[in-house]
Amino acid sequence: MRNGSHGPAAGGSRGSYGGGQPDGVLPGDQRTADDVEAGIVALWRSYGGSRAQELRDRLVLHYAPLVKYVAGRVGTGLPAHVDVGDLIQSGIFGLVDAIEKFEPERGLKFETYAMQRIRGAILDDLRSQDWVPRSVRSRARDVERALERLGGRLQRTPTDSELANELSITISELRELYAQLQLTSVVALDELIAAGRGTASLAETLPDDYAEDPVASLVDQDSRRQLADAIAQLAERDRIVVTLYYFENLTLAEIGRVLGVTESRVCQLHTRAVLRLRTKLNEQSET
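One point on numbering: in the numbering used here, the residue at position 87 of the sequence shown is 89, and numbering is uninterrupted.
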């Protein structure tokens, strides 16, 4: 669940979109950022009144850079055979869906809502292709079970050395395993919140400011608290990776420069963090 306050979607349509163009103003466009803002607000009003396809297509064109941005984030670290162009195509469907279902009266930023829909559409398409080999999924379950056993015995997050020993492999083999399991760790953080519950993600249950369900609010607060607790229990580097990747929207390469390690090592740390978060959240849901 990427935080909507950073990255190209920040600040509504006046944020910085793909291609390095600030304020949503394209090269050669003589309008100011305020002109663009006023124009998109008027376009939303017109579309809300008529639901005309032509107006929807203009909104799609305006917000298309969001799709490229999200596809680039999701595509980071995926196998070479996964074409980013295919991710973008899937994301466009998510953007169209977001525009058609968006309700401005709820007071939500469209960009934040749309990024969730776009990411969801891309992940759904990836899953439908069964692009993760069955053997890799099996190994992921083995690691999660080992983490759960060790966590129960040690009452803390196990180290890589302890996990490798539990799996009867070397540290080097464990890191190679993380690289393989990277295929299974492309996940929105809000999906981790719902781990083990069989419920929809938080993005699918956005609250209505005018008709807030107090029970749903308590559940949401509890879910976020559990996620915060699980993140707090991670090893320091894992916690940094999760924070920078999901909340600060840094790329894996940028995180590598912060930590002084290679991008491939950050991929391993990210995979390890996701596996450990999933295990901890599953444990919490069973208590």
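Any given hint could turn out to be false.
No farther apart than 25 Å at their CA atoms in a straight line, the calculated lysine to any residue pairs in the SDA-like style are these [unchecked claim]:
(1) Lys-111 x Leu-63
(2) Lys-70 x Phe-95
(3) Lys-70 x Leu-110
(4) Lys-111 x Arg-47
(5) Lys-103 x Val-84
(6) Lys-111 x Val-98
(7) Lys-70 x Leu-128
(8) Lys-111 x Val-84
(9) Lys-103 x Val-62
(10) Lys-111 x Glu-265
(11) Lys-70 x Arg-129
(12) Lys-103 x Glu-178
(13) Lys-70 x Val-84
(14) Lys-111 x Phe-249
(15) Lys-111 x Ala-54
(16) Lys-111 x Arg-226
(17) Lys-70 x Ile-90
(18) Lys-111 x Glu-56
(19) Lys-103 x Gly-51
(20) Lys-103 x Ser-48
(21) Lys-70 x Leu-57
(22) Lys-111 x Ile-94
(23) Lys-111 x Ser-130
(24) Lys-70 x Glu-256
(25) Lys-70 x Leu-125
(26) Lys-70 x Gly-51
(27) Lys-111 x Arg-158
(28) Lys-111 x Ala-66
(29) Lys-111 x Leu-169
(30) Lys-70 x Arg-226
Cβ-Cβ distance ranges computed for the label pairs, FRET-style [what the hints assert, rightly or not]:
(31) Gln-157 x Glu-265: 18 to 28 Å
(32) Arg-147 x Ser-48: 50 to 60 Å
(33) Arg-53 x Asp-144: 43 to 53 Å
(34) Arg-259 x Ala-54: 42 to 52 Å
(35) Ala-230 x Glu-150: 31 to 41 Å
(36) Arg-53 x Glu-164: 25 to 35 Å
Hint data in this document are derived by calculation from the structure and do not stem from the laboratory.
From the three backbone atoms N, C-alpha and C, an ideal C-beta is built for every residue, glycine too.
Consistency of the hints with the structure:
1. A distance of roughly 18 Å separates the Cα atoms of Lys-111 and Leu-63; the hinted pair therefore holds under the 25 Å criterion.
2. Note on Lys-70 and Phe-95: the hinted pairing holds, with a Cα-Cα distance of about 13 Å set against a maximum of 25 Å.
3. For the hint linking Lys-70 to Leu-110, the alpha-carbon distance of about 22 Å falls within 25 Å, and the restraint holds.
4. Proximity of Lys-111 to Arg-47 is assessed by CA-CA distance (about 15 Å); at most 25 Å being required, the pair is judged to hold.
5. This hinted pair does not check out: Lys-103 and Val-84 have alpha carbons roughly 29 Å apart, beyond 25 Å.
6. A hinted pair counts as satisfied when its Cα atoms are at most 25 Å apart, and Lys-111 with Val-98 qualifies at roughly 16 Å.
7. Restraint check: the Cα-Cα separation between Lys-70 and Leu-128 comes to about 16 Å, which is no more than 25 Å; the hinted pair holds.
8. At most 25 Å may separate the alpha-carbon atoms for a hinted pair to count; Lys-111 and Val-84 exceed this at roughly 30 Å.
9. At most 25 Å may separate the alpha-carbon atoms for a hinted pair to count; Lys-103 and Val-62 meet this at roughly 13 Å.
10. With a C-alpha separation of about 32 Å, the suggested pair Lys-111 and Glu-265 falls outside the 25 Å cut-off, and the hint is violated.
11. Restraint check for Lys-70 and Arg-129: the C-alpha separation of about 19 Å stays at or below 25 Å, so the hint holds.
12. About 42 Å separates the Cα atoms of Lys-103 and Glu-178, which puts this hinted pair outside 25 Å; it is violated.
13. Pair hint Lys-70 plus Val-84 holds up; C-alpha atoms about 15 Å apart against a cutoff of 25 Å.
14. A hinted pair counts as satisfied when its Cα atoms are at most 25 Å apart, and Lys-111 with Phe-249 qualifies at roughly 17 Å.
15. For the given pair, Lys-111 sits about 22 Å from Ala-54 by alpha-carbon distance, which is consistent with the 25 Å threshold.
16. Our distance criterion of 25 Å between C-alpha atoms is met by Lys-111 and Arg-226, whose separation comes to about 20 Å.
17. For the hint linking Lys-70 to Ile-90, the alpha-carbon distance of about 6 Å falls within 25 Å, and the restraint holds.
18. Distance restraint check for Lys-111 and Glu-56: the Cα-Cα separation of roughly 22 Å lies within the 25 Å cut-off, and the hinted pair is therefore satisfied.
19. For a cut-off of 25 Å, the pair hint linking Lys-103 to Gly-51 stands: about 14 Å separates their Cα positions.
20. For the hint linking Lys-103 to Ser-48, the alpha-carbon distance of about 15 Å falls within 25 Å, and the restraint holds.
21. Of the pairs offered as hints, the one joining Lys-70 and Leu-57 holds, with about 21 Å between alpha carbons and a cut-off of 25 Å not exceeded.
22. With a C-alpha separation of about 18 Å, the suggested pairing of Lys-111 with Ile-94 holds against the 25 Å cut-off.
23. Between the alpha carbons of Lys-111 and Ser-130 the distance comes to roughly 29 Å, so the proposed pair goes past 25 Å and is violated.
24. Proposed proximity of Lys-70 and Glu-256 is supported: the alpha carbons are some 18 Å apart, at most 25 Å.
25. With a C-alpha separation of about 14 Å, the suggested pairing of Lys-70 with Leu-125 holds against the 25 Å cut-off.
26. For the hint linking Lys-70 to Gly-51, the alpha-carbon distance of about 28 Å lies beyond 25 Å, and the restraint is violated.
27. Only pairs whose Cα atoms come within 25 Å are accepted, and Lys-111 paired with Arg-158 is rejected, the gap being roughly 38 Å.
28. Proximity of Lys-111 to Ala-66 is assessed by CA-CA distance (about 16 Å); at most 25 Å being required, the pair is judged to hold.
29. Only pairs whose Cα atoms come within 25 Å are accepted, and Lys-111 paired with Leu-169 is rejected, the gap being roughly 45 Å.
30. Of the supplied pair hints, the one linking Lys-70 and Arg-226 is violated, its CA atoms being roughly 28 Å apart against a limit of 25 Å.
31. Checked against the hint of 18 to 28 Å, the pair Gln-157 and Glu-265 fails, with Cβ atoms roughly 34 Å apart.
32. At roughly 54 Å, the beta carbons of Arg-147 and Ser-48 sit within the given window of 50 to 60 Å.
33. Our hint of 43 to 53 Å for Arg-53 and Asp-144 holds, since their Cβ atoms are close to 50 Å apart.
34. Distance hint check: the CB atoms of Arg-259 and Ala-54 are about 46 Å apart, consistent with the given range 42 to 52 Å.
35. Evaluation of the 31 to 41 Å hint for Ala-230 and Glu-150 yields a failure: the beta carbon distance comes to about 20 Å.
36. One distance hint, 25 to 35 Å for the beta-carbon pair Arg-53 and Glu-164, is violated here, with the actual separation near 57 Å.
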